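First residue of the sequence shown? That's 1 in full-length UniProt numbering, and the numbers climb one at a time after it.
The reader is advised that the hints may include incorrect statements.
[To be verified] Okay, the calculated beta carbon distance ranges per label pair: (1) L272 / V53: 56 to 64 angstroms; (2) E76 / R117: 43 to 51 angstroms; (3) T227 / H62: 26 to 34 angstroms; (4) M118 / E210: 32 to 40 angstroms; (5) S244 / R114: 15 to 23 angstroms; (6) T224 / G149: 48 to 56 angstroms; (7) R117 / E21: 48 to 56 angstroms; (8) T3 / S48: 26 to 34 angstroms; (9) L206 / Y51: 48 to 56 angstroms; (10) E268 / S153: 36 to 44 angstroms; (11) G202 / L272: 35 to 43 angstroms; (12) R73 / T224: 19 to 27 angstroms; (13) R117 / D172: 40 to 48 angstroms.
Since the hints were derived computationally from the structure, they do not count as laboratory data. Fair warning: this is a prediction, and the values are worked out from it, not measured in the lab. Idealized CB from N, CA, C, for every residue including glycine.
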Amino acid sequence: MDTENLLGQFLRARRELLQPEDLGLPVGVRRRVSGLRREEVARAAGVSTDYYVRLEQGRERHPSAQVIDALARALELEEDAAAHLHELARHPDGRRAPGGRGGQKGGPEQVSLRLLRMMDAWTHTPAVVLGRRMTVLAANMLGEALFAGHAHSGDLVRLVFLDPDARTFYPDWDRVALNTVAGLRQSIGTDYDDPALVGLVGELSLRSREFRELWARHDIRQKTHETKRFRHPLVGELTLHYESLTVNSAPGQQLVVYQADPGSASEEALGLLGSLTA
Numbered sequence: 001m002d003t004e005n006l007l008g009q010f011l012r013a014r015r016e017l018l019q020p021e022d023l024g025l026p027v028g029v030r031r032r033v034s035g036l037r038r039e040e041v042a043r044a045a046g047v048s049t050d051y052y053v054r055l056e057q058g059r060e061r062h063p064s065a066q067v068i069d070a071l072a073r074a075l076e077l078e079e080d081a082a083a084h085l086h087e088l089a090r091h092p093d094g095r096r097a098p099g100g101r102g103g104q105k106g107g108p109e110q111v112s113l114r115l116l117r118m119m120d121a122w123t124h125t126p127a128v129v130l131g132r133r134m135t136v137l138a139a140n141m142l143g144e145a146l147f148a149g150h151a152h153s154g155d156l157v158r159l160v161f162l163d164p165d166a167r168t169f170y171p172d173w174d175r176v177a178l179n180t181v182a183g184l185r186q187s188i189g190t191d192y193d194d195p196a197l198v199g200l201v202g203e204l205s206l207r208s209r210e211f212r213e214l215w216a217r218h219d220i221r222q223k224t225h226e227t228k229r230f231r232h233p234l235v236g237e238l239t240l241h242y243e244s245l246t247v248n249s250a251p252g253q254q255l256v257v258y259q260a261d262p263g264s265a266s267e268e269a270l271g272l273l274g275s276l277t278a
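Please construct the entire structure, taking both the sequences and the accompanying hints into account.
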């Protein structure tokens, strides 16, 4: 990954995703660039075109918070993406002080014994702990059963993009893939010098065209809560709601808890899955 100009890369990627009509500009004019022109973003943000060009090219690396807010509005960034833009402005080359998000780079991510005991007590609720690269660090019995049987059951990013049955397991694969990449970028923040992350992105970029295209979008979206459909090889269709909770004692870790609607077919299927794997 090129980490020389992360701020400029992000601005360009988000600019190219917008269309003129998004800013109320005339459509139908022949354009030589995808998305918005630099001068259009600059005008919408209230800065000079020259200044904006210098930001994209990495010749200006320390814009004020007011300029970043204006650019976030011009690029129509959601809250997570706007926060990421501010972070890039503070650390344009991805370097952070030691002890930042995710703790020690490249070191082992360990789950506390207390958290493991709490998860094991949830016998009717699938739960997993994800690391900052979306590897499964721990799971209770039902959480392990939910993702069992795949080539990459312990690595949710590789499962989505490299597993041969991913599109069967995730009926809404396109949405899952988009959110997975956006969540990965949110999780790692600006810590792009992690060797394991570099290896993951490099491998997926070579082996998956879909990952490569989604990574280039620079979408940022924190994993919070969602309803997700699964097609499990043992119990069939499942519609589960999940909540993703940050583990304050271990920065970078997420506790993801799944639940079915009471009295639903999915709740019955979860019960069957639990009995099959007990």
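Can you let me know if the beta-carbon spacing of L206 and Y51 is within 48 to 56 angstroms?
Check failed, 37 angstroms falls outside 48 to 56 angstroms.
That 15 to 23 angstroms hint for S244 and R114 (C-beta), does it hold up?
Given about 19 angstroms between the Cβ atoms, the range holds.
Range first: 32 to 40 angstroms. Now tell me if the beta carbons of M118 and E210 are that far apart.
At roughly 36 angstroms between Cβ atoms, E210 and M118 fall inside 32 to 40 angstroms, so the hint holds.
Between L272 and V53, does the C-beta distance stay in 56 to 64 angstroms?
Holds, at about 59 angstroms.
Using the Cβ atoms, figure out if G202 sits within 35 to 43 angstroms of L272.
The hinted range 35 to 43 angstroms holds for G202 and L272, with Cβ atoms some 40 angstroms apart.
Assessment of proposed distance window 48 to 56 angstroms (beta carbons of R117, E21):
54 angstroms, holds
With respect to the beta-carbon atoms only, verify the hint that R117 and D172 lie 40 to 48 angstroms apart.
33 angstroms, violated
Quick check on a hinted range of 43 to 51 angstroms for E76 and R117, using CB atoms only.
Since E76 and R117 have Cβ atoms about 44 angstroms apart, the given range 43 to 51 angstroms holds.
Do the beta carbons of R73 and T224 sit within 19 to 27 angstroms of each other?
With a Cβ separation near 22 angstroms, R73 and T224 satisfy 19 to 27 angstroms, so the hint holds.
Tell me if the beta carbons of T227 and H62 are separated by a distance inside 26 to 34 angstroms.
Cβ of T227 to Cβ of H62: about 41 angstroms, so the range 26 to 34 angstroms is violated.
Given a hint of 48 to 56 angstroms, does the C-beta separation of T224 and G149 actually sit inside it?
Distance hint for T224, G149 is violated at roughly 27 angstroms.
Cβ separation of T3 and S48, checked against the hinted range 26 to 34 angstroms:
Given range 26 to 34 angstroms: holds, Cβ gap about 27 angstroms.
When held up to the earlier numbered hints, the structure conflicts with 3, 6, 9, 10 and 13 and fits the remainder.
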